Structure formats: structure tokens, C-alpha cells
Amino acid sequence: MAVDLETIARLVAFDKGKAVPIASDLQIVIQPDALVLCCIALAGEDTTVHVVACGSIGKPAEFLSVPDPRFRDDQYDLFAWIGQRIEQYYADCRRRGTHPQIWVSSDAAVKHLDVLSDRLRYNRERADVRRLGELLTYATERFPVGGQQALYAATSALRQHYATGQQAAEDAHLGTLLTWIDPPRKTNILAAVALAEQTPMGMKTDPEFDRTKLDPVVRAYNEARRAGASTAQLKRRAQNIHDALMTVVSPIYDATQAAVEILRTRWPRRLLTAPQLQDREAQEFDNFMQSRDNGFFLPTRDKPKAAALKLTEREIALQTVEAAVCIGDRVALAKARLAGRILEGTIENPRRVWVRPRVFESTFDLISSQRVLRIRPRDELILLTDPRQRVLVRNVERQGRRTRVQLEIIKGKNAVGLPSASSIQVFTPYVPDWNSLTQARIQLAERLAVQPWTHAENGAMPQRVPSQLPEPADLLAAVEALR
Amino acid sequence: MRASTVDSRIAALRGSLGPEEPGARGLERVARNPECMRLRALTIVGVTPATAAKEIYGEPAREEQSPFALALGNQFEKNLFDNSAAKLLQLYRDAGRLTTNECKVAVIPDLAPPLSSDPRKLLVSLGRRQSETIRLLRAKAAGNKDAPNIIIKPRMFVRLLGIGHAIEPDALIAADADRFYRPIEVKSYPDRAGKTDSADVRSACRQAAVGVVALREAIREFGFRDVDVAVPAIGDLVLRVPGSMSAKLRSMTLRSEAASLERAIDEAPRNLDELEAMLAPGASLDDPLILDQIPTSYRTSCKEHCALAGKCKQQACAAGEPAVIGDMARELLAPAGTVTRALDLMNGRGVPPRTAEEVALAEQLQEAFSEYRRAV
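The listed protein sequences derive, respectively, from chains A and B. Note that my numbering numbers the first sequence so that position 220 is 228, with each residue one more than the last. Note that my numbering numbers the second sequence so that position 83 is 663, with each residue one more than the last.
No lab work stands behind these hints, which were simulated from the structure alone. The model shown is predicted, which means the values in this text are computed figures rather than measured ones. From the three backbone atoms N, C-alpha and C, an ideal C-beta is built for every residue, glycine too. Misleading hints may appear alongside valid ones.
As the list claims (entries may be wrong) - Derived pair list, reagent style DSSO-like, types lysine-lysine, alpha-carbon separation capped at 27 Å: (1) K828(B) - K221(A); (2) K828(B) - K24(A); (3) K119(A) - K828(B); (4) K883(B) - K26(A).
What the hints assert, rightly or not - A short, non-exhaustive set of chain A residues, derived as facing chain B with CB atoms under 10 Å: (5) D12; (6) A21; (7) A177; (8) G336; (9) D337; (10) R338; (11) R398; (12) R402; (13) L452; (14) A453.
To be verified - Covered stretches of chain B (in silico footprint by chain A; criterion: 3 or more residues with CB under 8 Å from a CB of chain A, positions within the stretch not fixed): (15) 661 to 670; (16) 803 to 817; (17) 943 to 949.
Could you build all of it, start to finish, from the sequences and the hints given here?
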């Protein structure tokens, strides 16, 4: 196992007592009017929201709480309140032809929104609650897709840009991450981090807080309600609950805003492919809203065809974004070089050999000093600086600490030409292809026009049909040739 | 090894602290981080990490649950077990695991006097729960058709160093045709299929695996030889439908969980010898200085289950253990031993590499560091 750049960055951060950058460019596109949403659930009741803070980035929040989210009517009113704000925001985005962007504090908060969207979008009691579920579904369904711009956890966004001197799992706490990024002066970083950890930054309150502060006031409210207390009395008790919850939700909202501010102000260089990412998100958002306008139903679980399409979409998105980041970001390129995912080296023996009239074979050797290389003969690689040129790996030969890779140009012989001797070139297996998703969708729609027997109800295994082709002499070579 | 001898050795190691039952949660905790000698030592002597944090180190133990979550969990369990476990029976019928005739339910707490604060009465009550459980398990093992299909809150034992540690799985289940029972673990976690929190599922599976181990021990005592066949490493998780009190049933294979638990239990006698050899004669674990001497193995997952995680992290940081920056770094930087040494190797300062492994690591670190510097 080779030492990776992440480990190096964490070592440096531990040594300095301060987070260090792990990217050269801003990897995400921050929408100027993005919405910061902080929902706190009642412990154990993951489908509830006890208090919510909602506001645009750089703006103060609006807060709303319910005394006890286990009372359904109160809870639905709160959902409707959130729904109004999100509906308005989505409508504004549609009008401008852009896409919405929601920021939450952490991955736990993303999971909470996901639970809510799953649960609320089938609500039969109130249309406004169901609508909130549907609108949240856009953000939560986009979240697992690489390069999405619809829903961001502040912790994940910061982790894309900074490495801390602690374990990756500990970076899931927004407070500790912010402490590593801006450590307090004259305080030991580890002590400061331990202190920051005491403040909840997810979607739940601290059990100790529940026991000593929240439970007594919620209990008092419920007892007063059962005893038929006056509206004024109930209001006062509800205010006590609100005040208690404000001490939890306010710091989370502020921390999320602080995270966005750090990314907005300290990362002036944007990724080269940012406009493409934005365009794709806007297109996805438009498709989603069109489907809602047309009354299409959001399924609980995808059927096999939809699932295959979504899986493919995720794979392609991940591949595209990785390639896009590699092109623009120096650190991502260094990571890929170290992991052997790209090939970099000095050109030797560039030659153009006449094969037959008007046909030449262009080959060259590339001498790489990379410790790890993940290439094999027959792999196709693309020139990073000019994707018009594609090469085929003919042979890979380890020579002591160096590797000699024999390459043949298969595309871009004339447009790009032979690389000059002694020049340093970088080849990559992928370049971002923003149209590949559409092509894949068409291809999959054709292939899955008939549901495969593996997914059909009571699908019987089809009869074996022996191939009519002659058996190859060398079976292993034939299998290899399929690559 | 006679149990009484072991008992006195354990009591001596425990010092002034009272014995605690680790329960299923405590036993599965050991299997989560088998390399942690401190956790194993505390479990062997019968002290929970929460007690160790509070009583030995004088630190607040942050292991408690929210009263709201507790109330929900209790309500969910009560809902399932009320009316002779009518809802649990229905769940199994809907899943095709029990027929309508297979409706024999034994609620162990109902067969024994209620739990009392009087220690003597409490002992009688717990003893009765245990004897009733054994009676029912024996009936099933003997192929008695009247043996219950569901046993709620059985009291069973897992032997660690010859001493039985009581565990109370939520329930046991067996159809009439089944040879023996399998454990049921009831959790109020929302079941979201593939999106269910994997840490929650892992923890529930490990607790169910403790039930498998206890059932195997029980059936072995009844004279069965092929215990793995009679009690396969399978358990049922009963989780909550999100936003409702309805339950969902999931059968889980617990092969690796049960194997790691059985391995931890098998190693316990050697652990006790090692522990005694490590400490000065007469030393006991209730002394923080003594407990500090016992090596730990701090990992990312420790915070999920151990109240001593914070303390171990402090010590790991002070010692510069590579684990403080991640489990991957722990493996990669193992030849260096500490973060400080790794930094020296990376920066080419300090003592030159002493071993071939250090030479290789230094080369890798320097190459990666130069890449990093070039990039940022």
C-alpha cells in the first residue's frame, strides 16, 4: 500500500496544528442565494423536526419550533412553513433558469432530510406537507450523484478542500473542522477540538441536554396541555421550549454559514469545469420540476430499469467529475499521479513509420518514474492537455525504478501530432465527457427495452443457446482480447 | 482452571470496584476492537468503560441515551411484546416463518417474581428467570412439541473464564419444526432498507451474535454435539418502520460476528494471564495509573461504543500514535511507529532510517510530500 496524499496532508496538519489545503481550486459552485437549512429532530424520532433555522447564505435565519413534534398537527404546520420557503426558493430558481442549492451542517443532517423526503412525499393528509417531501426529494436524490450542486453538507464541502490532523470520521463534526481550519490562538489545538466536540452539530440534541433541559420543559408543556391550560400559559411554556432549542440550532446555523463563508472567500480559483457542473444541475432541476408539473409519481423504490439508469448515471457522473477535477485541480492531479491513475513521463523515441501509402504508424516511448502505475497493454489513454489525441498501450516494461511504456497514437496523429522527444506528457484514462450520460441513457433504454429474466417476476432461466462461432484456439487470449 | 480461583483473581484485579454484568452490549464491544487490551481487561474483570471513565478517571461518562429515545424504544418494545407478543407473532406469520398454529409464547418476566430493589429478592427473581429459561430451552432441545415458539426476555449465560455472564436477548424464536431457537434483537432504529445506518445495523447484529453464542453454550450443556447446525449463526433484527410503531423483520447472517465473539471468549484465559503478568503484584485496575499502563488500540470506531474513547484518544495523541490521524495512517505509518518519527522520515531529519521498512517508508513519504508541496 503506497502512502497517499491525504495521509501526507493529515501528517502536515497534525504537525502544524492547523488544517492544510487539499485542493488548489474551489471544487463546488456556491450559488449566491443558496439556502441554509438546519433542522433538529427529537431524539429517536427521525421523521420529526423540533426546530428549524432557515435563511439565505450570509443572511440571518428565520426560526420556528414546535413544542412537541409528536403532536401531528403542530408538526405538519412546521413542515408547511418550511415548504413555503423551499417552494418560493425553487420557483425563483426556475424563473432564473438556474438550480437551487441547499446547505446543511453535516452528513447526518443530509440523512435526516432524506428520511423526511422519503416519509413526507407520500403524505395523504396534507398536500402542502406532501409537496415539501417532493421538493426535498430533488435535493436528496441528487446528493449521491458525483458533482451534484443541489445539496451540500458543510462538513463534506470543507473536507474536499482541507485536511485536518484528526481521523476522517472526526471530520464529520462541523465544529471540530472549523476549529482545525481556524484554530484559536494560544490554545492547544487538541484541547480546542475536544471543546468544540461538546457542541452538537448534526440533527440531534445532546442526550444530556435532553435529560436536563429539554425533557423538563417538554414535559411541563404536555402536562399543561393535558390539564387544559389557557392559551397564554401554553404559549409561555412553548416559548421555554423554543428558547432551549435556540441554544442548539443557532450555533449549528452559524457554523454552517461560517463554512460557506470560508469556501466563498478563501478559494478565489474556481474549477475550470464549474460552468458545466452548473449547467448540468440546472438541466436536472428543470427535468425534475417538469415531471412534478406533469403529475408524475415519485416511486418509493425504483423498478429495475429505473434503478439501472440511476446506477449508470451515478457511475458516469463520478467518472466525469473525477476527470474534470483532475484537469483543473493540481492536488487532484498529484493524487492521481501518486495513485498511478494517470501516466506521466518523459517522451523518448518518437517515430513515424510508413506502413502503406498514406498510412503511417506513430509510436513513442514514455519513461515514467511513478512508483505505482495502473496501466496494462491494450489500455487506451487520452492526452490530458489535448483530448483529441488517444494512444494505445503496447507494452509496459519495468526498468529498475523507471517504467518504459510503449505507446501508439490511434487518434489525433495529424491534429495533435507526435510529441517531441524529452517533453513531459500526461495521459489519463478518462476526460470529462458531458454528453456521455445522454448517450448512456439511450443505450440503456434500448438494452433494457425487454426486462431481463433475472428481474422478471417468476422469471425462468432461458435455455442455453450454444454459440455458432468456432471455438478459439487460445481461450485465454480470446478473453483478454475482449478488453 | 477452577471458577472460584479465577473469581478471586478477577476480584483482586477489580480492586475496590463492584462487579458489573457486561451484558450483550459489553461482550460485543470487545469483539469490535479485539486489539484493545484495556477494553478486554475491563470486560474480563467486570467493569464497564462507563464506570471506568467515571469512577477511575473521574470523567463524566457520555454513554447515556436521550430520555426521548429511551421512551420511544420502550414504547416500541412494549407494543411488540404486549398481549402475549401478538404483534411479534403477526410479524413472523406475515413473513411466513410461523403458522397460525405456532402461537406458543412464553414471557419469562411473567414467570418470575417482579424485580425488586431488595438484593435478596432480586437474586431470587433473576434465578427464577434463569431456571424458567433453561426449562424451556431444554424442552425445545428434547423435541417437546409444547416448547414455546417465542420466548420473551430469556435469561441466558455466556461463559467468560468459566464465569457465567448473564445476558437477556429481547426474544428467541423457533417454529415447531426448527431444531432450536434463534435470537431476536429488537431495535427502534428506523429500517430504511439499504439506507439504514450501517453502524446501527452492525451494533444490533453483534448483540444478536451474543445471543447465538449463549444459545450454543446452552445447547452444548444439553449434550448436543453439532451445535453449529442446531444454532446457526443467524439472528433476526426487528426494526421500526420510519415514522411509525410498525415493525419490520430482517434475518441476518451473523457468521463473522459470532466467530469474532467466540474467538474473544476463547482468548480470555490467556488475556487474564497476560494481564496479571503485565501488572505488578497486588496492582488493581481501579488505580488510574495502573489502568493507564494497559495498552489500548485507539480506532476510528471507538467513539461509537466505548466511554473511554476520549481518554484513549488523549493518550494516543500524547504518544503520537499514527491512529490519531486515521486507520489508514495507522497501517501505512506502522514502520515509523509514531507520527513524530514519520514526520522526521518525511522531512529527512532526525535519526536516519534504521530498518529496511523505514527506508522504504521514508522514500514513499518524501515522494508524496514533494508531490503535495508542488501541488498546493
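Restraint check for K828(B) with K24(A), where alpha carbons must lie at most 27 Å apart
Distance of about 50 Å is beyond 27 Å: violated.
Verify the proposed pairing of K119(A) with K828(B), using a straight-line Cα cut of 27 Å.
20 Å, holds
Could you check if D337(A) really has its C-beta closer than 10 Å to a C-beta on chain B?
Hint on D337(A): holds, closest Cβ of chain B at ~8 Å, below 10 Å.
Take a quick look at whether K883(B) and K26(A) sit within 27 Å of each other, Cα to Cα.
23 Å, holds
Can we keep the G336(A) interface hint, with Cβ of chain B closer than 10 Å?
Not OK, violated: G336(A) not within 10 Å of chain B, min 12 Å.
Once the shortest beta carbon distance from A21(A) to chain B is found, is it less than 10 Å?
With a closest approach of 8 Å, the A21(A) hint holds.
Is the listed coverage of the stretch 803 to 817 of chain B by chain A valid when you require three or more residues with a beta carbon under 8 Å from a beta carbon of that chain?
This one is violated; 0 residues, fewer than the three required, reach chain A with a Cβ under 8 Å.
How about R398(A): closest beta carbon in chain B under 10 Å, or not?
At about 26 Å, which exceeds the 10 Å cut-off, the nearest Cβ of chain B leaves the hint on R398(A) violated.
Any CB of chain B closer than 10 Å to the CB of A177(A)?
Holds - the Cβ of A177(A) comes within 10 Å of chain B, reaching about 4 Å at its closest.
Would the hint on L452(A) be counted as holding, given a Cβ-Cβ threshold of 10 Å to chain B?
Status violated, d = 21 Å.
Quick check on the hint: R338(A) CB to chain B CB, less than 10 Å?
Result: holds, 4 Å to nearest chain B Cβ.
Stated coverage of the stretch 943 to 949 of chain B by chain A [criterion: 3+ residues, CB within 8 Å]
Contact hint for the stretch 943 to 949 of chain B vs chain A: holds, 5 residues under 8 Å.
In summary, the numbered hints that this structure violates are 1, 2, 8, 11, 12, 13, 14, 15, 16.
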